[in-house]
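The chain contents come next:
Number of protein chains: 2
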Amino acid sequence: MSSSSSRGAAATGALPQRVHIVGAGLLGASLGLALTRAGAAVTLADVSPTAAQLAADMGAGTVAEAAADTQLVVVAAPPDVTASLVVEHLRRLPEATVTDVASVKGALLDAVRRSVTGAELDRYIGSHPMAGRERSGAIAARVDLFEDRPWVICSDEATPPERLAQVVATASAVGSTVLHLEPDFHDSSVARVSHAPQVMSSLVAARLARMPVEGVALAGQGLRDVTRIAASDPGLWTQILAGNAAEVRTVLMEIREDLDRVIAALALEPGALAVLAGAIAAGNEGQQRIPGKHGQAPTQYATVTVVIGDEPGNLGRLFAEVGELGINIEDVRIDHATGRRLGSLDLFVLPAHVQDLVDGLLARGWRLPDHAEKRTEADTPNEGQR
Amino acid sequence: MSSSSSRGAAATGALPQRVHIVGAGLLGASLGLALTRAGAAVTLADVSPTAAQLAADMGAGTVAEAAADTQLVVVAAPPDVTASLVVEHLRRLPEATVTDVASVKGALLDAVRRSVTGAELDRYIGSHPMAGRERSGAIAARVDLFEDRPWVICSDEATPPERLAQVVATASAVGSTVLHLEPDFHDSSVARVSHAPQVMSSLVAARLARMPVEGVALAGQGLRDVTRIAASDPGLWTQILAGNAAEVRTVLMEIREDLDRVIAALALEPGALAVLAGAIAAGNEGQQRIPGKHGQAPTQYATVTVVIGDEPGNLGRLFAEVGELGINIEDVRIDHATGRRLGSLDLFVLPAHVQDLVDGLLARGWRLPDHAEKRTEADTPNEGQR
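First to last, the sequence lines map onto chains Z and C. For the first sequence, our numbering assigns the number 1 to the initial residue and increments by one for each residue that follows. For the second sequence, our numbering assigns the number 1001 to the initial residue and increments by one for each residue that follows.
A portion of the hints provided could be inaccurate.
[To be verified] Stretches of chain C that chain Z covers, calculated by requiring three or more beta carbons in the stretch to come under 8 Å of a beta carbon on chain Z:
#	segment
1	1185 to 1193
2	1202 to 1214
3	1225 to 1238
4	1256 to 1269
Derived from the structure by calculation, the hints contain no laboratory data. These numbers come from a predicted model, not from an experiment. Don't be surprised by glycine CBs; every beta carbon is placed ideally from N, CA and C.
Kindly produce the complete structure, drawing on both the sequences and the hints.
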């Protein structure tokens, strides 16, 4: 497969000035907000007039059908209606470039190909912004949803460069990092990083359905993490899994092979321990390859842990003094344990700011048990279940 | 199975005054800190003199062998040496009650039974505090590690009530919620809520080891959550899985059955979509049964979202004013998106404080987009991978 990545800022081409977004959900509405801010004139449509109007009220654009001079159409609808909406707009708007945000690209392209060909087909450029959040719908829309997120664009030799530039400029305008990937490579990748993990999280969570409550009470943070996405919407995920069935099946077959080895090893015949250790070690290797939020490594931010009293006012004093130091806090994590007299707070800052922060806080009398210790996410996170 | 739960406060029996802890890791050192605070005289031993001294320096007790008048011995050593250390101390201290913190109880009890019997065996009471954190070793010890966490105690008819009361009083003194469970029920439960989830997280993460980097770049928060515990220590987990092999095997076999059904459904024959939707829906059902941190439901805290500028000083002003309101912030979550002009901050407070916080912040001119909206963790969390 061939693929290349280009930072949004480096992309060529002007941002389309007239954009029509089909679907006013989380992605469609957020894109409308971001493109409006970027200076484009955005029109919105949704099968739900309420959703479209809500997105418009939030500043995501104007509720209207696509104008004849629309330069770019973005289909941000559920996966199972995306192909027909793409085809519909390719035909309705003979001048427009049409893209979409669906999570599966190969089958979608095949479906579009079955309806349109030639120059008409060349105006379709599939894309997949890897963005989202826990809440759904226009009400959860955010102007910065796509910032520093990967935006996959699938084009081929036949794609007119000026049309490709329109989609690249759009992704860049909302702050995404553009990844040019072939549809099949994209689909096999998301099967591995998203679709198969969703299935396995759901199967693990399903084991809890019939447990006595005294057993579920033993759940720890590890289980909560592994099963968080098991709360995902069955309707949406049935569409996603069916749309990428072959690739998801390949990954699940690999998992089943490893699973069979582990199950066999649990008979504890000679050599079994090496198989068990090997399975956990292979997981270490894979887990360490995962980039952090926004593609940053988990250690991108340095952590400064501060001991604080667990009473009102202390946080205020701490953050006021951090503000005086002129240092921006990227993230904050409070230790959850309750009922303690002393608690601790992790401040996440850019490594370059650590020394100033540490010096400044120490000078102001704060207790920093381990100074600018890096996040140690590789420390046996499931220790809690020993 | 029979099981009952009693809140620590309700437990009877006096806290043992002379406690010996074998193993100065995260659990042993934290227990030493908590029992010392509770007024017990704690002695510590560890195969590593450095670890023992570090724990002592932190206030977890005194480095010494168990005195003859020791009332309670707590073995907090790795699983594979726990049985022999339990037996050793049962024999060395004919008056003492001996317990442990290992994550597998049935096989351990069998191993102890093979070495000791009768009155000697009756002095052993297995337990398993379900506590831990991401960091390991004495350096990560915390006096409040066990607070509001389940502490499983395994006893039977032969257990002398006064000795059982000692262990219950110990668990209660460190703030744990005591759960009386039979060893087999405990082991089958942790296989489901901890051991099998660890295996599946590792197998999912292992799929990433050979991926092209352009593919791994598509990872989102869902994958990070599912695979976080895949960073766990292979040595430790080989011991845990081997120690609970039969129960883990049972759960993994169930997962494989479901997995086979999903793999077959991905051939997309008639009826396939119902199988896929059923698998995700079953995961919803199981996931909803998981209690939150400290056994609290995820909605225990209410969220107040505040719009803030992403510059130094704003956090200080916000927390200073929250402090003025006399409201304690249980947790804080900053929206990670970078480079934005406006960001938002989620303040987690007890529901009773929401109205005061909202009124107070609005009165001070802060923007609260959705006021005291409850956390909605069940909202399609994997939306990000659409």
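The hints, checked one at a time:
no. : hint         : in the structure
1   : 1185 to 1193 : holds (count 7)
2   : 1202 to 1214 : holds (count 12)
3   : 1225 to 1238 : holds (count 14)
4   : 1256 to 1269 : holds (count 9)
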